[in-house]
Amino acid sequence: MIPASFEYSSPKTLSEAISLLQQHGADAKILSGGQSLIPLMKLRMAAPKHVVDINGIAGLSYIKEDGGFLTIGALTREADVDASELVRTRYPLLADTAGVIGDPLVRNQATVAGNLAHADPANDHPATMLAFGASVVATGPKGTRTIAISDFFTGIFTTTLEPDEILTEIRIPMPQAGSGGAYLKVERKVGDFAAAAVAVQIRLDGDTFKDAGIGLTNVGPMPIKAARAEAALRGKAANNGTIVEAARIAAEEAEPADDLRGSADYKRSLVRVLTARALRLAIARAKGEH
Amino acid sequence: MSSTTPRTSPEIGGMGHSMKRKEDARFLRGQGKYVDDVKLPGMLYLDIVRSPYAHAKITKIDTSNAMAIPGVLAVVTGELLKQYNLHWMPTLMSDTQMVLPVEKVMHQGQEVAAVLATSRYIAADGVQAVEVDYEPLPVVVDPFKALEPGATVLRTDKEGKTDNHIWHWEAGDKAATDQAFAQAEVTVKQDIYIPRINVASIETCGCVAHFNKTDGKLTVWMTTQAPHAIRTVFALVAGHVGLSEEKIRIISPDIGGGFGGKVPVYPGYVIAVAASVLTGAPVKWIEDRIENLQAASFARDYHITAELAGKKDGTLQALRFKTIADHGYTDAAANPSKFPAGLFHIATGSYDFQHAFMEVDAAYTNKPPGGIAYRCSFRVTEAVHTIERMVDIFANDIGMDPADLRKKNFIKPDQFPYKSQFGFEYDSGNYIGALDLAMKRIGYDELRKEQAEKRKKGELMGIGISSFTEIVGAGPSKHYDILGIKMFDSCELRIHPTGKAIARFGTKSQGQGHETTYAQIIAEELGIPAEHVAVEEGDTDTAPYGLGTYASRSTPVAGAAGAMAARKVRDKARKIAAYLLEVSEEDLDWEPGKFFVKGSPSKSKTIQECAFAAYTNHPQGMEAGLEAVNYYDPPNLTYPFGSYICVVDIDKGTGQVKIRRFVAVDDCGNIINPMIVDGQIHGGLTMGLAPALYEEINYDADGNIQGGSLMDYLVPTSMETPSWETDKTCTPSPHHPIGAKGVGESATVGAPAAIANAVVDALWHLGIRHVDIPITPPKVWALLNEKGVAE
Amino acid sequence: MTMHKITVNVNGTPREGEVEPRLLLVHFLREDLSMTGTHIGCDTTSCGACTVLLNGKAIKSCTAFAVQADGREVMTVEGLEKDGKLDRIQEGFHQEHGLQCGFCTPGMMMTSYALLKSNPSPSEHDIRWGISGNLCRCTGYVNIVKAIQYAAQKPAE
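Chains as they are written, first to last, in our numbering: chain U, 1 to 290; chain C, 1001 to 1791; chain V, 2001 to 2157.
For reference, chain U alone in the conformation it holds in the complex:
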């Protein structure tokens, strides 16, 4: 449980951090919450030669609505999201998600940005951001660029971030009237990764689905946007028949594997069950019934 040796820097500014990344390239790793990185280092499954600790950089911890988006800074902890009245009332999908990542101690350190940048297919926020249609802001030596979340994940533990870029902000479109969302996760015990989890964000117009976003967690090598299931909802009546059909399609879009959390068949069935349940909960929230 002892990591390999490394050099350590704790820059005080973003530009200092970025130039360290430029300097050390693939030998460097950003340390924010450390709740994914440090366990890997302790098992010696990761051995960066240079760790760049960004926890000392001011101005990176915020949750606020700005310019039509909910913006979340790089150092915003899961616990901050979990405790935010703003998130709880207007972005219940996000509140649900932050609350089931790891355990309360892990959530005090772990960051939302880190959960996305680490790109473990088992992580929870990717599916949620897919459902929201969110985007992320990457800051590098050439400045900032915005990346749509649907373009962000490219493989297991891989994203479109360059080695000299830091994920500095997450942007979730502000919900319009009639919006609701939910995240449902089946885990073997508290603190585990999902056997399967489903993120749903919908917008109702009366009793019709105006828009829908569905993300699937840990049922494939990458987080999955259940685009066909989404399409099966748009414009349809928000009734049981539609929900059941969309859930069935979402299950088809999953690509689960057999592992210690269950068989592929089990996980596929979970996706179907959880999609239906999440949709019902999202609808109730959209109507202010929950």
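These aren't lab readings, by the way, just hints derived from the structure by calculation.
By construction, the Cβ of each residue, glycine as well, lies at the ideal position given by its N, Cα and C atoms.
So the derived label-pair ranges between C-beta atoms look like this:
#1 Met2003(V) to Gln1031(C): 25 to 33 Å
#2 Glu1536(C) to Arg2072(V): 39 to 47 Å
#3 Asp66(U) to Lys1033(C): 51 to 59 Å
#4 Glu1536(C) to Lys12(U): 53 to 61 Å
#5 Asp205(U) to His2125(V): 34 to 42 Å
#6 Gln176(U) to His2125(V): 31 to 39 Å
#7 His2125(V) to Met45(U): 34 to 42 Å
#8 Ala83(U) to Glu1791(C): 27 to 35 Å
#9 Thr1059(C) to His2125(V): 52 to 60 Å
#10 Ala227(U) to Gln1031(C): 56 to 64 Å
#11 Lys2057(V) to His1165(C): 55 to 63 Å
#12 Lys49(U) to Asn1704(C): 27 to 35 Å
#13 Met45(U) to Ser1337(C): 39 to 47 Å
With a straight-line cut-off of 27 Å between C-alpha atoms, the simulated DSS-like cross-links for lysine-lysine are:
#14 Lys64(U) to Lys2057(V)
#15 Lys1779(C) to Lys189(U)
#16 Lys2057(V) to Lys2005(V)
Chains C and V: place on chain U using the hints.
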């Protein structure tokens, strides 16, 4: 009587008082002294290189890169230990186990070499740098396949061994039982697998070994539940390298949970001792959690074919079990030597069978050694799980309520002491009383009505009962020994001039509260306030010889020794009191803390006054001092019992089992400290919940462990654990000096069956008769899906 | 490889060290500062035995480097007792038998301490949820819940 009514005042704190714990003072302040807290000048660190293969020849160990790291002092290998004949050691079951291999490894995670360094961090770097070449050999992980003719023979170190069969053991009357089965109206048969699990106490195993070259004394701080047995084993095994028993001191300091997992001698201890003997420096070895989960403290792993025979009216008549026991590559189980399958033959349970037979065959496989007595007495969890599942299957097959079937077949209160078909003499019991109380507390009849309603609507709800008989307190010297050492236990009690006391015992608490409960026993017998009785355990230089704490034996055996020693002290104090009061002993009466003259209660002497006199004014011809030693040889085991009832609701979409309620009624006879007893039960229930729904250790066909870290070995958190409801009946043990039976393991023994029975009860109407533990959501879902009722 | 000089405020006292970057915070406390009250129970950030407060937040000290605590405040179990008086959390664990072997207890108490600071009147569910990152093998959690409820009834210091 539902609990022990105290006979002493709260100030004295004898039996029945929920006295707050004396040992808390240091733990609350973070001042417990656990093995990893021991720090000595010049201390070196040991870390272990382990095999990734389950079965492989070692062709080369290249230590050059490791030795090149500054701070790495040595790499210990099997070849080095072989020079001292320490590369193999005996196990507690008289088998042999490798300390470090010379030829081959036989389980994944097995110790291959050990790095000695100046710091923990450098030792870890050294381990990464040792290069080992292996030549994989065929792997055997299925014990049935291991026992087939032609299977790869694992123990090639045993001359003449041509198979993987370790031993065969049987009990009961085969012919009479077979005949009973042949003639029975109803027979039921079920294969039951109880998987391997790991103790996973929050503190892992470890030691600090310090051999002082000047005086030849070895001191070892060790996570051990049985320090004296360890000392004797070291003296016998390493006598040839100069270790002599009077110069070995084993110190078991504070232990962060034992549960049976800290009874065996693990190779790491022996390597650390050898390294210290060779260098003269203190050597610390503390295993990581992953090492612990992959190489140490395994239990269960029994494959049982169970059969019951009886009548259509619900009378149980005969029991027949055949078991294959998967022991891993060596029999390192901690069982009494005459009983390699432990006390598995308690399996007739709480029921009055007329005939019974069982046989157990143990097999070697390419797994780490198993068979730890993990909070199960010795194999009693396996026995209880099997009989309680079978009783439910029998009841449901004939359409009888499982509670009614149990009551019909319970051994009745007037049948005690009861001789079972397997030869145990149960001391006392009131099984109907416990079950009735549990049924009342849970509202059994209403629940059955609710279940019937829910079934009509397709909702899955189950009620499960476990009415167990435990067997603890090993044990009478006639039948019980470990490596030949009889299983007595001891107390050495000394009263000081000012009336305070010190009591030392041969057991070793790992959280059970002996510093408080043993003091309460002394307080009960002598009326000296428990506050004034210092209790010590665990240092073999000062504690009297004992076999340690496991199998719930402390209260039944060492607690009895404490009571007996206290009574000897009281007998001498009576003589002193008579002398001081100038009366004869027969003229004196006793109340806790005081002798007084019959008819003249104002003429009295307190125990404190007697103690003072023992040193200042003792009668001529009497030895001064006031102390006694007792080595207690229990006349019998004790038989705690209980009834547990569990209510579950099953989610048809996810397969998740939610425990709605769990009522545990326990009877452990007279209770020393009700608060501590309840704590033991809460913890034990949680350790029964764990294997019922969450925990298992599996291996793939290549012997790779599946889930060898706490990420996948699912120890329940506060969220998985229900709010346990407890109650008591009290049926004292007639043969125990204070009528107590012991309770540490009852809940771990009884709980899994209650939960499994509840789940099967929820699914019985779908045609499901049995589900092996752990009953995980995917397992449940697969059954529901197969029956077409999954959401 | 560069050693780093750090100053960590531990239980109100500045403590200095010169450490490797890879030194885990839990080892800095236990070995460099000889404060062995914080314990190690696993190697996968799963058990919570190592819980301390970092700038008032309960974290797993096995999953942080000592260098991350430079210039920051750490509170450990040794800091609960003030001027010879036990904290209400410690009182609660003692009165309600919330500990048996004591190994998970320091971490459990630090989590409980932080829990009551942010939620002074927690429900049983709040408590169980709040301690769900701390494993206990001995108590079955029932008395730990009672210990925290006991403490919640007493005034905070």
